[in-house]
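Once you have looked at the hints, place chain B on chain A.
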Amino acid sequence: MKKSTKLLVGLASMLSLSLLLSGCGSSSSKSTTIQFFSTKTENASTYKQLISQFEKKNPNIKVQLSSPSNAGTVLKSDLAKNSIPDVMAVGGDVNYQQVQKAGVLEDLSGESFTKTTMPEYQKMITSISKGNKLDAVPYATNASGIVYNKTLFAKAGITKTPTTWNELITDAKTLKAHGITPFEMPFQDSWTTMGVFNQLDSNMISSSWINKRLDNKTTFLSSHKGVMQKYLTLCKYAQSDYMGTSYNDGTKALAEGKAAMMINGNFVIPQAKQLKKNIKLDMFKMPVNNDSSKNKVTSGIDVAFAISKKSKVQAADKKFVKFLMSKKNSQLYNKQQFSFSAIKGVAQKDASLEGISSYLTSGNVVNYPDHYYPDGFDMTAVLTQTGVNQSKGMSDSKNITATLKKADKAFDSANVKD
Amino acid sequence: MKSRKKGKKIPLTYYMMVVPIGILFFIFHTVPFLRGVFYSFTNWTGYGSWKFVGLKNYLYMFGNSNITDAYWFTFKFALFATILVNAIALAIAIGLNSNIKFQSLLKAVYFVPYMLGSLIVGFVFKFIFSNLIPQFGHLIHLPILYNNILGTTHAWIGILIVTIWQGLAFNTLIYLAGLQSVDPEIYEAAALDGVGPWQKFRDITFPLIAPFFTINLVLSVKGYLMVFDQIMAMTNGGPGNSTTSISVEIYTQGFQGSQFAIQSANAVVLFIVVLVISLIQLRILNKREEKLS
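Sequences listed follow chains A and B, in order.
Residues 1 to 418 in this note's numbering are what the first sequence spells out, letter by letter.
Residues 1 to 293 in this note's numbering are what the second sequence spells out, letter by letter.
So that you can see chain A by itself, here it is in the shape it has in the complex (with noise of 0.2 angstroms):
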């Protein structure tokens, strides 16, 4: 009780601080303010440099940038005192998901700047939307792969990155052979297990099955088992303690050369790159079948802009998505964050990323299965289960069987209807 009291706490201290803010700041300013939220704490900088050259273009219009760390709880509470910001920057997940459900967002899909997206991309949004409406358009977005580390791969003689499943386990084969640990799972940050699960998921499960599934039609114990047989496979070249090493370990020990390869998104390049600048990293599609013509990028969207529809300054708040969607702007966006660009005609130029940039162009993608899964279902504590069981020793075919019925009854008792 105590915590969620407190929880609620400090919801109503923030609620009545909000309002003698808000009463300040409307009495004092004639210009017009727009109060922009970001779910992302890492792209600040970029929106912060972006702001300024609108304001000055714009000299009547303020925009006011809040990306607090724990966006989620922080735009819930927003939806809860019913007043949400302007403009919100959300990644197409959950989040999103939420706010659009509660049926405060601004219809967006007449807008110019909404024609210059990629459909595939639109497709992801309306997807996970209530009456699949658009009601926020795709701006930047990221994508999975396998991140490898060049200069290792190169030290064990592989000299082409594989397209099929048997080539990448005959290469980590190959990169263990020559005493290099093929792959560095983070597995301490219980988020990263699905960086392996999603792509294993998405080129092996038809997309239709999730809707299956969630009329319960299907279960994961029937399906599966390919997929979780690929994913013990893979834990089997990971490093040692790999249920015991963190994210931010995990992507020093990949910068420091310690591992060959990462299985996880675009972002993880940028942050080994702090770590070492001259590390030669790039990124190879997840071969997850033998044809090499059915893999896809996974990919998904990091950020998508929507508009409040009770917004009282919708006419700046749509100047100034406008804004941040031209061409130019969404470059720069790219550049800095590492990320791809959901607007046509926009490409990620970056040499760290050439093995991959291709597929995100033309489309060839496909989104993450556990943005459709439903609201309080972990698939990554189900997942973390599967890695201590195997570290204790448990047989494959009886830890698959174990993961899947634990699965199948986690999902089940988050996916309540009434």
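Check before you lean on any hint, since a few could be wrong.
Stated by the list, open to error - Chain A stretches covered by chain B per the calculated footprint, using a threshold of three residues with CB under 8 angstroms from any CB of chain B: (1) 140 to 153; (2) 238 to 245.
Said to hold, decoys possible - Here are the simulated lysine-lysine pairs, DSS-like style, with alpha carbons at most 27 angstroms apart: (3) B:Lys51 to A:Lys133; (4) B:Lys126 to B:Lys222; (5) A:Lys409 to B:Lys56; (6) A:Lys398 to A:Lys173; (7) A:Lys409 to B:Lys76; (8) A:Lys133 to A:Lys312; (9) A:Lys258 to A:Lys392; (10) A:Lys173 to A:Lys150; (11) B:Lys126 to A:Lys40; (12) B:Lys51 to A:Lys309; (13) A:Lys57 to A:Lys327; (14) A:Lys276 to B:Lys107; (15) A:Lys344 to A:Lys327; (16) A:Lys212 to B:Lys222; (17) A:Lys130 to B:Lys287; (18) A:Lys392 to B:Lys76; (19) B:Lys287 to B:Lys222; (20) B:Lys76 to A:Lys236; (21) A:Lys130 to B:Lys51; (22) A:Lys40 to A:Lys322; (23) A:Lys130 to A:Lys322; (24) A:Lys160 to A:Lys294; (25) A:Lys258 to B:Lys126; (26) A:Lys405 to B:Lys56; (27) A:Lys217 to B:Lys56; (28) B:Lys126 to A:Lys392; (29) A:Lys252 to B:Lys126; (30) B:Lys56 to A:Lys273.
Stated by the list, open to error - Now the in silico label distances, taken between C-beta atoms and shown as ranges: (31) A:Gln229 to B:Leu132: 30 to 38 angstroms; (32) B:Phe111 to A:Ser66: 38 to 46 angstroms; (33) A:Gly103 to B:Leu132: 48 to 56 angstroms.
Rather than coming from a laboratory, the hints here were simulated on the basis of the structure.
All residues carry an ideal CB built from backbone N, CA and C; glycine is no exception.
Below, chain B alone, put in the same frame as chain A:
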């Protein structure tokens, strides 16, 4: 009665000391608490519309294995933490109360963990468990230390160690206060009677500090049933759900998992559990105190 009230008017100052805090307590503690109880009978997700669902949330709780697992984990954790913290704290307090060298310095040292925030302590120990101990293990070739304990099924022991380290300070302080309240003449008399050290502790010291033992035990159990900060800092409830305490479950599922109403019900149940356990403890221990005195 009436005449006393008239004759001795209670100064307004006393009310001014108590009433404002009482009002604040009511607004910021009692009201949210009652609202939580209220929402536990609805299907509210934290925002938007809601309707009454009766006892559905409470029934759901018992059918959800994550929640029942959280209860088992929390009980196990609270039991071990309470026993170990109190046993070790009592030993330290007796040590510090004797005329050892550097007594005041050691008292200060043992009190330091209490002044540090649990989150900070958690993060520091997370680093120790995941980096320093495995490195040390490789150095002395002890395979049992190679792996980060927080990534194994024994993760809860890691959390237990940190909780004990931090919890000791406060309990030691209370025991120390208790020991200092014991009249040294009693010990002198006992020494004349030729009482041995163990008998001295069992028959003299312990009965005399019994009220302090009661306070410590009740506060420990209450605190450890609500364990939260250390877990959030060190394992976030993992691996699997193996270190998810009730409070962690309430926070993660209630706020991130949109189960606000269900977790409100969980919070109400936790409140009742803590209340009942504390009352039982007080009853038993108070009876024992009476018997001893």
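Hint check: Lys287 of chain B vs Lys222 of chain B, CA-CA at most 27 angstroms. Holds or violated?
Measuring from Cα to Cα gives roughly 20 angstroms; hence the hint holds.
Taken at face value, is the distance from the CA of Lys107 of chain B to the CA of Lys276 of chain A at most 27 angstroms?
violated, 45 angstroms
Is it true that the CA of Lys258 of chain A sits at most 27 angstroms from the CA of Lys392 of chain A?
Holds. Lys258 of chain A to Lys392 of chain A sits at ~24 angstroms (cutoff 27 angstroms).
Satisfaction of hint between Lys327 of chain A and Lys57 of chain A, Cα-Cα up to 27 angstroms:
holds, 17 angstroms
Mind checking the alpha carbons of Lys252 of chain A and Lys126 of chain B for me, to see if they're no more than 27 angstroms apart?
holds, 16 angstroms
With a cut-off of 27 angstroms on the C-alpha distance, tell me whether Lys392 of chain A and Lys76 of chain B pass.
holds, 22 angstroms
Run the distance test for Lys398 of chain A versus Lys173 of chain A: straight-line Cα separation, threshold 27 angstroms.
Holds, because 25 angstroms separates the two Cα atoms, which is no more than 27 angstroms.
For the pair we were handed, Lys217 of chain A and Lys56 of chain B, check the Cα-Cα distance against 27 angstroms.
Measuring from Cα to Cα gives roughly 24 angstroms; hence the hint holds.
27 angstroms limit on alpha-carbon distance, applied to hinted pair Lys76 of chain B and Lys236 of chain A:
violated, 33 angstroms
When you check the alpha-carbon spacing of Lys126 of chain B and Lys40 of chain A, does it fall within 27 angstroms?
It holds: about 25 angstroms lies between the C-alpha atoms, which stays within 27 angstroms.
For the pair we were handed, Lys133 of chain A and Lys312 of chain A, check the Cα-Cα distance against 27 angstroms.
Between Lys133 of chain A and Lys312 of chain A the Cα gap is close to 22 angstroms, so the pair holds against 27 angstroms.
Satisfaction of the hinted span 48 to 56 angstroms by the C-beta atoms belonging to Gly103 of chain A and Leu132 of chain B:
The hint (48 to 56 angstroms, Cβ to Cβ) holds, given that Gly103 of chain A and Leu132 of chain B are roughly 51 angstroms apart.
Of the numbered hints stated above, those contradicted by the structure are hints 1, 14, 16, 17, 20 and 30, listed in ascending order.
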